[in-house]
Amino acid sequence: MSPITNAEEYDHPILYDKENTQINDLPFILKWASKTTGVIIDLACGTGRVTIPLARAGYQLIGVDIHRSMLEEARTKAQRENVNIEWELQDCTKLDLPVQTQLIYSVGNSFQHFLTNEDQDALLLAVNKHLQVNGMFIFDTRFPNEEELLQPSKEEYWRSYIDKDTQNKVDVYTSSTYHSISQIQHYLTIRKFKNLAGDVIAEKRTNIHLRYTFPQEMNRLLTMNGFEILAIYQDWNETPLTNASDNMIYVCRKVKDLDIT
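Mapped onto the numbering used here, the consecutive letters of the sequence shown carry residue numbers 2 to 262.
Everything labelled a hint here was simulated from the structure, so no lab data went into it. Treat the hints with care, since some could be wrong.
Straight-line C-alpha distance at most 30 Å; calculated DSBU-like pairs for lysine-lysine [claimed, not checked]: (1) Lys-19 <-> Lys-155; (2) Lys-95 <-> Lys-155; (3) Lys-130 <-> Lys-170; (4) Lys-165 <-> Lys-195; (5) Lys-95 <-> Lys-36; (6) Lys-195 <-> Lys-78; (7) Lys-257 <-> Lys-36; (8) Lys-19 <-> Lys-195; (9) Lys-165 <-> Lys-205; (10) Lys-95 <-> Lys-78; (11) Lys-19 <-> Lys-257; (12) Lys-193 <-> Lys-165; (13) Lys-155 <-> Lys-78; (14) Lys-78 <-> Lys-193; (15) Lys-257 <-> Lys-32; (16) Lys-195 <-> Lys-170; (17) Lys-78 <-> Lys-32; (18) Lys-32 <-> Lys-130; (19) Lys-195 <-> Lys-155; (20) Lys-205 <-> Lys-19; (21) Lys-155 <-> Lys-130; (22) Lys-19 <-> Lys-130; (23) Lys-78 <-> Lys-257; (24) Lys-95 <-> Lys-195; (25) Lys-170 <-> Lys-95; (26) Lys-130 <-> Lys-257; (27) Lys-195 <-> Lys-205.
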């Protein structure tokens, strides 16, 4: 397994779950799951945010992630909800499962964690290998518009939320630097934890690096790796992509096996 060098955001899975409660992608994935039979693979499944609801709906799931702490939390949550999911600690670029499936998905913009051309190709080769011909691959990634790439390098307020366990407020700030040659955005996230009186009592800083891929680049990448793009949306409500979009959601079909000899 490759060393993990971009994992600070995932070292604290309970905090991750507190900050990532959205399930707007779930109905879309459920729709495609209903068109398949057999096992479904969730790549970069994290703490099982989508994996567990799918299993609860009666589908057979394999959840794959490289981050041990996230996978352990996913396993704990699945046991708590009494759902049966196979959890695999693997590098998605070297995926090795004894199955071929009709549906693989990867949500939460996980595609951006594959930072180099080689990583992206290896991921798509692994997906191709584990999909049946005409099987579907669904994933999302942030749209590299000007506003997204030209975020301020100085610390800027992003949002606040209430910690459901302590009822304390957490203010979140970010700063970022985009490197045009590598197409990688370097993010710093600063969380300021407050007490009930509003005083900052703790601060946590984490770094993460995200690769941005442009639409025409993605078209070539997917085609070269044996996929046909059926649709590109800007959200999980199937809104068409525009210049003002924030996200790209790809629905792809495997059209051929790749010669990997």
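To see whether the hints hold, each was checked on the structure:
Annotation: proposed proximity of Lys-19 to Lys-155 holds, straight-line Cα distance about 25 Å (limit 30 Å). This hinted pair does not check out: Lys-95 and Lys-155 have alpha carbons roughly 37 Å apart, beyond 30 Å. This hinted pair does not check out: Lys-130 and Lys-170 have alpha carbons roughly 46 Å apart, beyond 30 Å. Restraint check: the Cα-Cα separation between Lys-165 and Lys-195 comes to about 13 Å, which is no more than 30 Å; the hinted pair holds.
Among the hinted pairs, Lys-95 with Lys-36 is consistent with the structure: their alpha-carbon atoms are about 27 Å apart, no more than 30 Å. With a C-alpha separation of about 28 Å, the suggested pairing of Lys-195 with Lys-78 holds against the 30 Å cut-off. At roughly 20 Å between alpha-carbon atoms, Lys-257 and Lys-36 fall within 30 Å of each other, so this suggested pair holds. Under the criterion of a C-alpha separation no larger than 30 Å, the hint pairing Lys-19 with Lys-195 is consistent with the structure, at around 15 Å.
Taken as a hint, the Lys-165 and Lys-205 pair is honoured in the structure, with Cα atoms around 18 Å apart against an allowance of 30 Å. Distance hint between Lys-95 and Lys-78 is fulfilled; the C-alpha atoms sit about 26 Å from each other, no more than 30 Å. Restraint check: the Cα-Cα separation between Lys-19 and Lys-257 comes to about 40 Å, which exceeds 30 Å; the hinted pair is violated. Note on Lys-193 and Lys-165: the hinted pairing holds, with a Cα-Cα distance of about 15 Å set against a maximum of 30 Å.
Our distance criterion of 30 Å between C-alpha atoms is broken by Lys-155 and Lys-78, whose separation comes to about 37 Å. Restraint check for Lys-78 and Lys-193: satisfied, since their Cα atoms lie roughly 27 Å apart, inside the 30 Å limit. As the CA atoms of Lys-257 and Lys-32 are separated by approximately 24 Å, the hinted pair is consistent with the 30 Å bound. A C-alpha spacing of about 5 Å is found between Lys-195 and Lys-170, which places the hinted pair at or below 30 Å, so the restraint holds.
Taking the CA atoms of Lys-78 and Lys-32, the gap is about 24 Å. The hint holds against a cut of 30 Å. For the suggested pair Lys-32 and Lys-130, the alpha carbons sit about 23 Å apart, so the restraint of at most 30 Å is met. Using a Cα cut-off of 30 Å, the hinted pair Lys-195 and Lys-155 holds, with the two alpha carbons roughly 22 Å apart. Between Lys-205 and Lys-19, the direct Cα distance comes to roughly 15 Å. Compliance with the 30 Å bound is thereby established for this hinted pair.
A threshold of 30 Å between alpha carbons decides the hint, and for Lys-155 with Lys-130 the separation of about 43 Å lies outside it, so the pair is violated. Between Lys-19 and Lys-130 the alpha-carbon distance is near 34 Å, which puts this suggested pair outside the 30 Å criterion. For the hint linking Lys-78 to Lys-257, the alpha-carbon distance of about 37 Å lies beyond 30 Å, and the restraint is violated. The straight-line distance between the Cα atoms of Lys-95 and Lys-195 is roughly 42 Å, outside the 30 Å bound, and the hint therefore fails.
Taking the CA atoms of Lys-170 and Lys-95, the gap is near 40 Å; set against the 30 Å cutoff, the hint is violated. Taken as a hint, the Lys-130 and Lys-257 pair is honoured in the structure, with Cα atoms around 10 Å apart against an allowance of 30 Å. With a C-alpha separation of about 12 Å, the suggested pair Lys-195 and Lys-205 falls inside the 30 Å cut-off, and the hint holds.
In terms of the numbered hints stated before, the structure departs from hints 2, 3, 11, 13, 21, 22, 23, 24, 25, listed from lowest to highest.
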